[in-house]
Amino acid sequence: MTRDAARHRDGARSDANRQDSTRQEARGQEAHRQEAHRHWDVIVVGAGFAGSLVAHRLGGHGHRVLVLEAGHDVPDPATTATAYLAAGGGTPTSPYPRSADAPSPDVDDLTGLPDGGFTATGYLLQHGPLPYASGYLRANGGTGLLWTGLTPRMHPEDFRTADLGHGRNWPIGYQDLEPYYRQAEHELGVAADADQQRRAVGLPIPADYAFPMRAIPATHLDRTLARALDGRTVRDPADDEDARLAVSTTPHARNGMPTRPEHPVGPLCQGTASCVPACPSGAKYTPLRTQARWAPSVRLRTGAVASRVLVDGTGRATGVEYHADGTTHRVHADLVVLAAHAIENARLLLLSGLANRSDQVGRNLMDHPALLTWGLLPEPTGPYRGPGSTSGLEAFRFGRARARRAPFRIEIGNWGWSWAGRPPQVETGALLRTGVRGKDLRERLGDRLGRQFSLQFELEQPADPANRVTLDHSRPDRLGLPRPALHYDLSGYVREGMASARAVSDQLFALLGAEDHTRYEAGPGWPGRLEHDGRPYGYRGAGHGGGTHIMGVSAGTSVVDQWQRCWDHPNLYAVGCGSMPSLGTSNPSLTMAALALRSADRAHHDLTALRGPAELTAPRPSEPSAVPASSSTSAASAAFSASSSAPASLPTPSREPS
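Residue numbers for the sequence shown follow numbering that gives the first Met the number 0, beginning at 0 and rising by one.
Keep in mind that the hints were calculated from the coordinates and are not lab data.
Hints are not guaranteed to be accurate.
What follows is a set of in silico ranges between Cβ atoms, one per label pair, in the way DEER data are often shown [said to hold, decoys possible]:
id : residue 1 : residue 2 : range
1  : H219      : E261      : 25 to 35 Å
2  : P74       : H185      : 22 to 32 Å
3  : P523      : H185      : 16 to 26 Å
Quantities reported herein were computed from a predicted structural model and do not represent experimental measurements.
C-beta atoms are modelled at their ideal positions from N, C-alpha and C, and glycine is treated no differently.
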C-alpha cells in the first residue's frame with residue numbers, strides 16, 4: 000500500500016470514528032432529555048454497594064428509580080484480571096477505565112519524603128499532618144469491584160464507643176441492625192461459620208441461623224499459625240490481663256458451598272490471588288451481581304457526575320443536577336438518595352449547601368489505618384494462593400484495654416509481603432541486581448517467597464471533627480467543580496493502639512520462630528510514616544472511608560438520623576459508610592450493606608405514606624412500572640413531614656433478598 004493510500008485509509012477511519020462518536024453523543028443527549036422530562040420516584044446517586052442495594056430493593060417494590068453513576072461501565076472481571084496481570088500488576092484502580100470527569104484517587108497519589116512527611120498529587124488535595132492513605136474507584140460498581148471481599152460484622156461494643164471513652168455512640172444498637180445483617184449476608188452470599196463467630200468474636204447471632212455459604216477453607220498459612228498460636232497468650236501493654244489466642248476464619252462475600260439446598264452454587268474461588276483488583280472467576284461478590292437482578296423500573300445512567308441536589312423553598316429535595324456529555328442536566332424525583340463514597344457524598348452536600356445545620360458535613364473523616372508487620376517463617380507457608388486473608392485473630396477488638404488504646408483486628412495475610420511494598424517482582428529484581436541467575440535464582444526465590452507472611456493490624460479510628468473534607472475553590476476539577484480538600488491526622492489514642500499492636504506482633508513473631516523483616520523507612524514507600532514515643536510506625540489506608548455525614552440523635556450534632564435521612568431535608572437520604580459514627584475494627588462493607596437495606600425499607604415506607612399503599616405494586620418482569628406520577632409539591636411535603644414523625648421502628652421484611 001502506498002503512503003498516500005495509507006493516509007487516505009487512516010483519514011477515512013478517523014472520520015468514521017468521529018462520526019460514530021457524534022452519533023453516540025447524540026444518542027446520549029436524547030436519553031438525557033427523555034430522563035429530564037420524566038418524573039422519577041427515586042434518584043440514587045452512586046451505583047456502588049449502597050446505591051445498588053437501595054435501587055434493587057426500591058425497584059422491587061415497583062418504584063421508578065434512576066441511578067446516576069459518575070464513572071463508566073467496566074469490562075468483565077476476567078478481562079480486568081488478565082489485563083492487570085499482563086501489565087505486571089499495579090495499583091488497585093489501575094486496570095479500570097479512567098474518567099477525566101470523575102477521576103479515582105489511588106494509593107500512588109502519595110509519596111513519602113526522605114526526611115519524613117509526604118507529598119500528594121492527583122484528585123484529592125491533602126493538607127493534614129498525615130495522609131488519608133486510601134483510594135476509591137469511580138466506576139459502575141464503585142470500590143465494590145476491587146474490594147477484598149471480607150465481611151465481618153461489627154461487635155456490639157462498636158455501637159457505643161463514646162460510652163467506652165472515645166468517639167461517638169450510634170443512635171441504634173447491634174440488635175437493631177442484626178436482622179439486616181442477615182439480609183445483607185444473603186444478598187452478598189456470605190461464607191462463614193456462625194458457631195465460630197459466636198465463640199471467637201462474641202457475636203449474639205441467633206442459634207438457628209446459618210450463613211448462606213460454609214466458611215472459606217483455611218489456608219496452609221492459617222493452619223500453620225493456628226498450630227503455633229492457638230491456646231497461647233500474649234501481653235497487650237494496655238491490658239491488665241494476657242490475651243488468649245485463637246486463629247478464626249473470616250467471613251467472606253465469596254462463593255463457597257451452600258448451607259441450604261435452595262441457595263444457588265455460583266463460580267468458586269480458583270486461587271488466582273487477584274481479588275484486588277478483580278476476581279476472574281466471579282466468585283467474589285460485586286454490586287454488579289445485585290444490578291443484574293434490578294427490576295425493569297430501575298434505570299442506570301453512567302458518566303453522570305452529580306453537581307448539586309435541588310431543593311424547594313420548604314427544604315424538600317426535588318432532584319439532582321448532573322454533568323454528562325459536556326452538558327448540564329436536571330432530573331426530578333420525590334426522593335433523593337446519595338450513595339456515593341463518603342468523600343463524594345460530603346462533597347455533593349457541600350456543593351449543594353445542604354444538611355449542614357450541625358456544621359458536621361465533611362467532618363469526622365475516618366478510615367482503618369492498617370499497621371503491617373512482615374517476616375519469614377521457618378518453613379514454607381504457601382503464599383500467593385487464594386484470597387488476601389482467610390483468617391485472623393479477634394481477641395484485641397473488644398475489652399477493657401479499649402479505654403486506653405484503639406482496638407484492632409489482626410488479619411493473617413496470604414499474599415506475602417505485597418502490601419508491605421515487597422511483591423515478588425521486587426524481590427526478583429533485588430536478586431537480579433546482585434547477579435543471581437538460573438537455578439540459584441529459582442531456589443533462592445522459592446525459599447524466600449515461599450516463607451513469607453504478613454500480619455495486618457486494622458485499627459479503629461474514632462470520629463474526630465478535625466478530620467474533615469472541605470472544598471477547594473481555587474483548584475477545580477475538569478468540570479469546574481471545587482475538588483475535595485482533606486485534613487487528616489491520627490490521634491494519640493490511635494497511636495497507642497499502634498504501639499500495642501507492634502508489641503503484640505513482636506510476641507507473635509517470637510512464638511512463631513519467625514524472622515522479623517518489618518521496616519518503616521522514611522522515603523517514597525511510606526507516606527504514612529510517623530513516630531510515637533521514639534519508635535517509628537507506618538500505616539496503609541484500608542480503603543474504609545467513613546464518617547463524613549455522620550448519624551446521630553439530634554439535628555444539632557449530626558447530619559442524618561438513624562435511617563440515614565438528612566435532618567434538614569426529610570426526603571433526602573445520605574447512605575453509606577459516611578453515616579457511620581464509628582467503624583469498629585471490621586471491614587465496613589457488610590455493615591454499610593445492612594444500613595442500606597434498612598434505609599431502603601424506610602424510604603419505601605416514606606413513599607408509601609406519600610401515595611398510599613394501594614398504588615404501589617411490584618411490576619411484572621416484562622413490563623415497566625405502573626407507579627403513577629408523583630403528587631404535587633405541597634402534598635409531597637406534607638406526606639414526608641407526616642412520615643418523619645412516624646414510629647421509629649419498622650417490621651423486618653417478610654422475605655429476605657434472594
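(request) Determine which of the earlier numbered hints do not hold for this structure and return their numbers in increasing order. (result) 3
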